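A.B. asks: These two chains come separately, so use the hints to put the complex back together.
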Amino acid sequence: MARKVTKLNMRQKEALNAYVLLLVPLLLFAIFYYYPILEALRWSFYNYNFLAKSHPFVGVRNYARSLSDQTFIVTIKNAIYYTLATVFVGMILSLGMALGLNQELKFKGFYKVAFFAPVVTSVVATSIIFAGLYDTRLGLLNYLLSFFGIPAVGWITNPKVSMLSVIIYSLWKNVGFNMIIFLAGLQAIPPVFYEVGKVDGANRWHQFRYITLPLLKPTILFVLVTSFIRAFQQFTLIHTLTLGGPMDSTRLPVYHVWEVYFKWLKCGEASAQVYILFVLLMGVTLLYFRLLKTEEYY
Amino acid sequence: MMSALLKEFLAQENKNGRSKMITREVKRSVGRKLMLMVTLAVGIMLIIGTAGQAEKVTLAWWRWTSADDTPAIEKLVGQWNKQHPEIQVDFQEIPGGLADFETKLNIALAAGNPPDLFELHDHSWHRLAELGYLVPAPPDIAEWARKNIAFESMLPGLIHGGKVYGPPTSSSDFEQFFYNEEMFDEAGVSYPDENWTWNEYIAAAKKLTKYDAEGKVEVSGVSLRKTGHGSGIYSKFACFYYSSAESGGDIPNLVGEDLKTVTINNPAALEALQLYYDILFTWKLDSVDIQGDAAGFVNRRCAMFNRGKWVVGYVAKNAPDLRYGASNIIKNKRSVTKGSLYLLMVPTACKDKDAAWEFIRWMSDDPQQLQWCLETGKYPMTKNVIRDPRWSMGIYAAFPKQKNIVEPDEQLPIYYELSTIIGEYIEKVCYGKLLPKEALQQAQKEAQEALDDWYEGR
Numbered sequence: 002m003a004r005k006v007t008k009l010n011m012r013q014k015e016a017l018n019a020y021v022l023l024l025v026p027l028l029l030f031a032i033f034y035y036y037p038i039l040e041a042l043r044w045s046f047y048n049y050n051f052l053a054k055s056h057p058f059v060g061v062r063n064y065a066r067s068l069s070d071q072t073f074i075v076t077i078k079n080a081i082y083y084t085l086a087t088v089f090v091g092m093i094l095s096l097g098m099a100l101g102l103n104q105e106l107k108f109k110g111f112y113k114v115a116f117f118a119p120v121v122t123s124v125v126a127t128s129i130i131f132a133g134l135y136d137t138r139l140g141l142l143n144y145l146l147s148f149f150g151i152p153a154v155g156w157i158t159n160p161k162v163s164m165l166s167v168i169i170y171s172l173w174k175n176v177g178f179n180m181i182i183f184l185a186g187l188q189a190i191p192p193v194f195y196e197v198g199k200v201d202g203a204n205r206w207h208q209f210r211y212i213t214l215p216l217l218k219p220t221i222l223f224v225l226v227t228s229f230i231r232a233f234q235q236f237t238l239i240h241t242l243t244l245g246g247p248m249d250s251t252r253l254p255v256y257h258v259w260e261v262y263f264k265w266l267k268c269g270e271a272s273a274q275v276y277i278l279f280v281l282l283m284g285v286t287l288l289y290f291r292l293l294k295t296e297e298y299y
Numbered sequence: 096m097m098s099a100l101l102k103e104f105l106a107q108e109n110k111n112g113r114s115k116m117i118t119r120e121v122k123r124s125v126g127r128k129l130m131l132m133v134t135l136a137v138g139i140m141l142i143i144g145t146a147g148q149a150e151k152v153t154l155a156w157w158r159w160t161s162a163d164d165t166p167a168i169e170k171l172v173g174q175w176n177k178q179h180p181e182i183q184v185d186f187q188e189i190p191g192g193l194a195d196f197e198t199k200l201n202i203a204l205a206a207g208n209p210p211d212l213f214e215l216h217d218h219s220w221h222r223l224a225e226l227g228y229l230v231p232a233p234p235d236i237a238e239w240a241r242k243n244i245a246f247e248s249m250l251p252g253l254i255h256g257g258k259v260y261g262p263p264t265s266s267s268d269f270e271q272f273f274y275n276e277e278m279f280d281e282a283g284v285s286y287p288d289e290n291w292t293w294n295e296y297i298a299a300a301k302k303l304t305k306y307d308a309e310g311k312v313e314v315s316g317v318s319l320r321k322t323g324h325g326s327g328i329y330s331k332f333a334c335f336y337y338s339s340a341e342s343g344g345d346i347p348n349l350v351g352e353d354l355k356t357v358t359i360n361n362p363a364a365l366e367a368l369q370l371y372y373d374i375l376f377t378w379k380l381d382s383v384d385i386q387g388d389a390a391g392f393v394n395r396r397c398a399m400f401n402r403g404k405w406v407v408g409y410v411a412k413n414a415p416d417l418r419y420g421a422s423n424i425i426k427n428k429r430s431v432t433k434g435s436l437y438l439l440m441v442p443t444a445c446k447d448k449d450a451a452w453e454f455i456r457w458m459s460d461d462p463q464q465l466q467w468c469l470e471t472g473k474y475p476m477t478k479n480v481i482r483d484p485r486w487s488m489g490i491y492a493a494f495p496k497q498k499n500i501v502e503p504d505e506q507l508p509i510y511y512e513l514s515t516i517i518g519e520y521i522e523k524v525c526y527g528k529l530l531p532k533e534a535l536q537q538a539q540k541e542a543q544e545a546l547d548d549w550y551e552g553r
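Chains A and B supply the protein sequences, listed in that same order. Heads up, the first sequence is in this note's numbering, so the first residue is 2 and it goes up one at a time. Heads up, the second sequence is in this note's numbering, so the first residue is 96 and it goes up one at a time.
If we strip away everything but chain B, and leave its shape as in the complex, we get (with noise of 0.2 Å):
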């Protein structure tokens, strides 16, 4: 039998617990209230954030080291995303020069994941864009780099398949001829114009080398591109090349018309690698032991030398005291030079392309190449800007003198490996390790096997 004190103290328990649990009672349903509320707010903003960011296009920029043209594209980006915090461009340099980042970028874009805007040079974009890994531009960008390229020649670079795939950049180039005027004023040996020949570069040279008690080549009076990439030789080797075709023809090229048979053993190519053959080992005019190249220029270790146009502000970095000149590309039947085409352009698995090609009409337009061209001493490539009295001014005013700046091989898919592999063969005639026409033979049998393995299954 109970007792009344534990009855009363059950049923006051029990009051208790029933208070209690309508004390849980109430207490969850404000909860659930509270826990509603808070989670329709969170959402709320998510959805409001989500769909702010997804206003908001961050595109990725690959290029490759370069001191000289890092800090000026740096702050054209810096400048572009101030004004348009709707397309953000994220600038990234991929260490190495443009050979690791192309690899670098092949690699990207096998694997899907390239970035949405790169600057590819005209020897190697050809092949993305004949796999399908390139959008065109769209026509008002096509128009205007149509019309606007400084030098209509060089229009082919632009163009695949009859479409173009991006607007030239300021980092564009073609071959000119360099010059130290301190050392033909110390010869006697008056300047190179238009009207030279090989026949007065081979005897300007001849006056201007130094040698050493042994004989060996201490100042070389023309420096040739005698090693380093193959594509980089054939680059230079290729004004030679062209300027040895007969006047009235056609330039001669790598491939025939039918892009599926190699053509460099010509006379032209002939004529040209014996110049070389002859200028190293039969008249002694330059050696692979000198520093060549724009280091051997401005110090002072060459006298003449073809090279692009950075070399202006290469020397301006290095030899700002250096008095030199510039001059067409000496000609042999006619004067031809090799340009160079970059463009900036956008792969096919880019997130936003409306957003990439509104970015590049912003960087193509003409007060940021002027800015582009101004910082870094790059020449101009498009026709408002190259019409600025700067660029007509001191050692540009021999520029716009050269004409015939050819791109002949603009529809070739494996430019790059072609010239890479006569580029090679050209290095081992400067080494003296064969002679030009064998060189000549067997490049070009090693590079028909390689365009008949590019065409194999297609």
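Pulled out of the complex, with its shape left as it was, chain A reads as follows (with noise of 0.2 Å):
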């Protein structure tokens, strides 16, 4: 008896050459990111370096170590202190210049522009001339604060403001973009709503309290996400600036996982890091989204 053929209907062809155009990304994201993540979770329970031969299994103990480790723990506050000052600060920056630029102003251009350029700057070349501007004998900022009778400050050698000289940097750096996307949300929201609160009679204040800020809300929910992963990734600026110095003062969690990787060679205990450091930024992560979930409707 012959066999019946089914041929595909249109829908299913149309399915098939999708998933066939799929394959190929596919297998790439798998092979370069889903593989090596999962490989990372394997190693984090063994005692790895990868020069070694042999990786004998160690089940929780880099968890645990990690854990109870000092300098990891200090990475973390670290963290914490960085993320909170660049982004919540960071963002009333970026949010007030959004509101300035969305005014009718001459030379709107112009500084839009200054704005932007720092982002569009090597972080490489940029922290290099940040450093010399930090120096305490031969840096700009202790030059000019000199003419104020304000001794000279250890501007990226005293641990008590290393770490607010690599957030001055990163406020300077970034800004800019979160401005523009501020920007974007200020202009699509439509300009109606602000006609009707001026009809009743409400005055900037309010129109920002009760108008703005709800409707920008998912921009602001966006800003604030992308900023705090972000910034909890940061790793160039430290490596060029700071080195995680002086005292473990500017170490963030990052560049502390690389130097536990690449210059220890201890990649079971980087793996375990970078886990935890997952784990925790997805609850941060999780928490934004049910903070900021009511949508307004007007």
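Simulated from the structure, these hints should not be mistaken for laboratory data. Just so you know, not all the hints are guaranteed correct.
[Unchecked claim] Here are the simulated DSSO-like pairs of lysine-lysine, each with C-alpha atoms no more than 27 Å apart in a straight line:
| # | chain 1 | residue 1 | chain 2 | residue 2 |
| --- | --- | --- | --- | --- |
| 1 | A | K161 | B | K532 |
| 2 | B | K311 | B | K523 |
| 3 | A | K161 | B | K305 |
| 4 | B | K532 | B | K426 |
| 5 | B | K523 | A | K78 |
| 6 | B | K540 | B | K523 |
| 7 | B | K528 | B | K305 |
| 8 | B | K528 | A | K78 |
| 9 | B | K498 | B | K258 |
| 10 | A | K174 | A | K113 |
| 11 | A | K264 | B | K199 |
| 12 | A | K54 | B | K446 |
| 13 | B | K355 | A | K264 |
[Claimed, not checked] Listing some non-contacts, in silico: residues in chain A with all C-beta distances to chain B over 12 Å:
| # | residue |
| --- | --- |
| 14 | F33 |
| 15 | Y34 |
| 16 | I38 |
| 17 | A41 |
| 18 | K174 |
| 19 | V200 |
| 20 | A203 |
| 21 | R205 |
| 22 | F229 |
[To be verified] Simulated restraints on C-beta separations:
| # | chain 1 | residue 1 | chain 2 | residue 2 | range |
| --- | --- | --- | --- | --- | --- |
| 23 | A | L172 | B | P484 | 53 to 63 Å |
| 24 | A | S147 | B | G283 | 25 to 35 Å |
| 25 | A | Q104 | B | T165 | 46 to 56 Å |
| 26 | A | K8 | B | A444 | 51 to 61 Å |
| 27 | B | T165 | A | L17 | 52 to 62 Å |
| 28 | A | M283 | B | A545 | 25 to 35 Å |
| 29 | A | L139 | B | Y306 | 18 to 28 Å |
Small disclaimer: the values here were computed from a predicted structure and weren't measured. Even for Gly, the Cβ is constructed at its ideal location relative to N, Cα and C.
C.D. replies: Here it is in structure tokens:
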């Protein structure tokens, strides 16, 4: 008896084509993204040194050690300080700048370029320049402070001040990016709401509080989450400006993990720390989504 | 019925077709022969070319960024390449300092595609030798290195598991004591000599230190290595540590003779670290806020410090008019300094080990080592070169007097990691975060954990 050949219909053919086209990128994702993630999880249960031939199984020791490692805990504290400062202060600054640029202004284009320019500069190049600005003896900042009789500050040599110096750089570098996103969000708010508000007697503060902010919530959430993740992933700046010092005062988690992995070859411990960070970040992100969940309807 | 004309036409066509066919056949035959000849010619050229190429080997030599050394090395490599067309060396400067270079090298070794040659510091090559990534030197080079190293007490730094892994290069160094003669003259203090002890050292530092109106140190009488890479902090501290060990006994080590027990928490280390603490906080002769090290020295921010002899080249470049002197490491119970050897080495994955060792023989030879030292200001590490009168004159006159140059941790595979851990605790003492005793206790505990991890599963 002849076999019945089922022909695919048009929809099935399209679906098949889509799967075939997706196959290559999925494969690349699997090899270069998901496989390393899963392999790192495996390594986190071993005493894994990538130069060594043998890698003994150690169970959850890497996790236990990381959670009791004073240096790793310091990096988490540093990250919280750094993130709170750069994210919240950065958001206030960038929102302020966006509100200013959302007005009728002369040379608006120039201001946009001027504020956005740091975003497109190289972190390595600009952090080297900032290292010169921060120099205790020859730096421009201390030179300017001397005119006011303020003694020289060890901007990147004093552990009490060094993280502030890193935060100042980060704000300078990133505030323009969030400004552009806020500006887009502001310009997406229909003007009719403001007109209605004016008719109802709302002043500028009321307009901002009851119209702008609620309608900007999705943008704020986006900026909050992306800024938070970006801040927690900070590496290049620390590597070029302070190397995590002095005295671990600017040591951030990703830099610390890099050092543990590539300098000390403790891949197992570094992998455990990465997963601890992943859980932390995931928790905070979910919290943000929960807090800013409600949508505004007008 | 075909017409006569048509028949004639067809006959003509047939004739043409046959001749065309004949022409095609002839052409095909000639074409085939031509193709065959061209193929043979190309094949012969390829074989000759490949055979010619197979005799020539290009070795990749990786080294870290060094404004002082790179021009001199590139010149030497250029000379070699001119003289040896069959073995070409491709010198590649890896961006970043020694730490970045070692990171990149480790990754390349693990991936199986390291360079064919590299220079490595003795605080990190022993680990690679232990793990089987390095090739021991051939017998003639090993013999040469044993006989020609300028300071025999540094010989253990070339050896792992009883085998020599390469000859010392002119990057090698040992800590020396430097002082600013102008500041000494200004303060009316006599220059240091071999008889100085820590008492004279501190007494001089107290006269040399200058303070601002608020009582903060403005110019340090003695500059300690207080911050930076942990292993760098430890290597300068080691001079004070070794010099505190009882005279006649063994130089203290990071670990016990079994290489499995960390022993840094001992009286000699405590005495040395207490000196650090007193200089910074009791007598206030130095400060973490003062520019120190070689940069501070050339900027006249410190009167005395310990550093490698590369300082000579650095001062010549940055402060050629600075009047300064050199002396032995100041003794406590004895004067001991810490050596640091750099070896030119060959990995097991090298594409042509014989060629690599051939190049290393040439680089280690006297004319090349002399040229390297003269162009970089580095101090020689081989007997013949050091006999040149140049190395006994001026600032160099003090160096041969330094006895007891030690490389005590030569067999320790993770010396770099352990010394970094200890250096980081020394830094905490310098910043007033820990007292010396608790710093050494915590350092020993953390270092022991790292050492236990290394031996786990081996």
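A.B. asks: If a hint holds in the structure, say so; if it doesn't, say that too.
C.D. replies: Tested hints:
1. The suggested pairing of A/K161 with B/K532 holds, with an alpha-carbon distance near 24 Å, which does not exceed 27 Å.
2. At roughly 20 Å between alpha-carbon atoms, B/K311 and B/K523 fall within 27 Å of each other, so this suggested pair holds.
3. Between A/K161 and B/K305, the direct Cα distance comes to roughly 25 Å. Compliance with the 27 Å bound is thereby established for this hinted pair.
4. Distance restraint check for B/K532 and B/K426: the Cα-Cα separation of roughly 22 Å lies within the 27 Å cut-off, and the hinted pair is therefore satisfied.
5. Note on B/K523 and A/K78: the hinted pairing holds, with a Cα-Cα distance of about 18 Å set against a maximum of 27 Å.
6. Between B/K540 and B/K523 the CA atoms are separated by roughly 16 Å; this keeps the pair inside 27 Å, and the hint holds.
7. At roughly 25 Å between alpha-carbon atoms, B/K528 and B/K305 fall within 27 Å of each other, so this suggested pair holds.
8. This hinted pair checks out: B/K528 and A/K78 have alpha carbons roughly 17 Å apart, not beyond 27 Å.
9. Between B/K498 and B/K258, the direct Cα distance comes to roughly 25 Å. Compliance with the 27 Å bound is thereby established for this hinted pair.
10. Of the pairs offered as hints, the one joining A/K174 and A/K113 holds, with about 14 Å between alpha carbons and a cut-off of 27 Å not exceeded.
11. For the hint linking A/K264 to B/K199, the alpha-carbon distance of about 10 Å falls within 27 Å, and the restraint holds.
12. Restraint check for A/K54 and B/K446: the C-alpha separation of about 22 Å stays at or below 27 Å, so the hint holds.
13. The hinted pair formed by B/K355 and A/K264 meets the criterion: a straight-line CA distance of about 21 Å does not exceed 27 Å.
14. Its beta-carbon lying about 15 Å from the closest one in chain B, A/F33 satisfies the requirement of being farther than 12 Å from that chain.
15. With a least CB separation of 19 Å from chain B, A/Y34 remains clear of the 12 Å interface cut-off, as annotated.
16. At roughly 19 Å, the least C-beta separation between A/I38 and chain B is larger than 12 Å, which holds for a residue marked as non-interface.
17. With 12 Å as the threshold on Cβ separation, the claim that A/A41 sits away from chain B holds: the shortest Cβ distance comes to roughly 16 Å.
18. The Cβ of A/K174 lies farther than 12 Å from every Cβ of chain B, with a closest approach of about 22 Å, so its non-interface assignment holds.
19. For A/V200, the shortest C-beta to C-beta distance to chain B comes to about 62 Å, beyond the 12 Å cut-off, and the non-interface label holds.
20. Residue placement check: A/A203 keeps its beta carbon more than 12 Å from all beta carbons of chain B (closest about 54 Å).
21. Against chain B, the non-interface label of A/R205 holds: every CB pair exceeds 12 Å, the least being about 48 Å.
22. For A/F229, the shortest C-beta to C-beta distance to chain B comes to about 29 Å, beyond the 12 Å cut-off, and the non-interface label holds.
23. With their beta carbons about 59 Å apart, A/L172 and B/P484 fall inside the hinted range of 53 to 63 Å.
24. At roughly 32 Å, the beta-carbon separation of A/S147 and B/G283 lies within the given 25 to 35 Å, and the hint holds.
25. For A/Q104 and B/T165, the hinted distance range of 46 to 56 Å is satisfied, since their beta carbons lie about 55 Å from each other.
26. Distance hint check: the CB atoms of A/K8 and B/A444 are about 56 Å apart, consistent with the given range 51 to 61 Å.
27. In this structure the supplied range 52 to 62 Å holds for B/T165 paired with A/L17, their Cβ-Cβ distance being about 58 Å.
28. Between A/M283 and B/A545 the beta carbon distance is about 31 Å. The supplied range of 25 to 35 Å therefore holds.
29. The supplied range of 18 to 28 Å is met by A/L139 and B/Y306, whose beta-carbon atoms lie about 22 Å from each other.
The structure agrees with every numbered hint stated previously.
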